[in-house]
Amino acid sequence: MHGTPAWFRSFALPVITCVLATLFTWQLWPYIRPSASPLFFLAVMAASVYGGILAGLIATMLAGMSTAYFFMTPQFSMELDPGDIFRLLVFASVALLTNSIAAERNQSEREQRRLVEELQTANARIRTLSDMVPLCPDCKRVRGGNSDAGWKTVECYLAETP
Numbered sequence: 010m011h012g013t014p015a016w017f018r019s020f021a022l023p024v025i026t027c028v029l030a031t032l033f034t035w036q037l038w039p040y041i042r043p044s045a046s047p048l049f050f051l052a053v054m055a056a057s058v059y060g061g062i063l064a065g066l067i068a069t070m071l072a073g074m075s076t077a078y079f080f081m082t083p084q085f086s087m088e089l090d091p092g093d094i095f096r097l098l099v100f101a102s103v104a105l106l107t108n109s110i111a112a113e114r115n116q117s118e119r120e121q122r123r124l125v126e127e128l129q130t131a132n133a134r135i136r137t138l139s140d141m142v143p144l145c146p147d148c149k150r151v152r153g154g155n156s157d158a159g160w161k162t163v164e165c166y167l168a169e170t171p
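Its first residue numbered 10, the sequence shown is counted upward by one per residue in the numbering used here.
Keep in mind that the hints were calculated from the coordinates and are not lab data. A few of these clues could be false.
[Claimed, not checked] FRET-style restraints, in silico, Cβ to Cβ:
id : residue 1 : residue 2 : range
1  : Trp160    : Pro14     : 22 to 28 Å
2  : Val125    : Glu88     : 51 to 57 Å
3  : Val99     : Phe33     : 18 to 24 Å
4  : Cys165    : Ser117    : 39 to 45 Å
Ideal Cβ positions, reconstructed from N, Cα and C, are used throughout, including at glycine.
Generate the whole structure from the sequences, applying the supplied hints.
Pasting the structure below:
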């Protein structure tokens, strides 16, 4: 999803995942009642992993509102009893924890990509240098450029080379 626009990942993705979670939960509601949250956790997780922190927060908010409105009694109302509020707070806590784990994962992946790029650059430089310096792969000695010079240690070669 690296090629998709940032606005899509941040705003459209959490809306789409929550709408899909609502639709699937609605279809499965007779079988999974009274727990509406499993598919909403997936929506928050997908939004967090692919959209980032903002997308995860938006998905958490939308999932909580959708759960309260469509699946808690009284249905089609935002009226909540203390038990519903507790369930929503637990859902929000787990969703926020998931969001923070996804953010750490995304940060680690960015750092890993950066380090791989640095290693590739360093490897290209080493290859360029090894093409310039005649280094024996077996004994790790360098052949001197003078007619009288033979094979020298790398330290001697670097000390003598200006």
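Consistency of the hints with the structure:
Between Trp160 and Pro14 the Cβ separation comes to about 58 Å, which falls outside the hinted range of 22 to 28 Å. Taking 51 to 57 Å as the suggested C-beta distance range, the pair Val125 and Glu88 conforms, at roughly 53 Å. For the pair Val99 and Phe33, the beta carbons lie near 21 Å from each other, so the given range of 18 to 24 Å is met. For Cys165 and Ser117, the hinted distance range of 39 to 45 Å is satisfied, since their beta carbons lie about 43 Å from each other.
Hint 1 from the list above is the single one not met by this structure.
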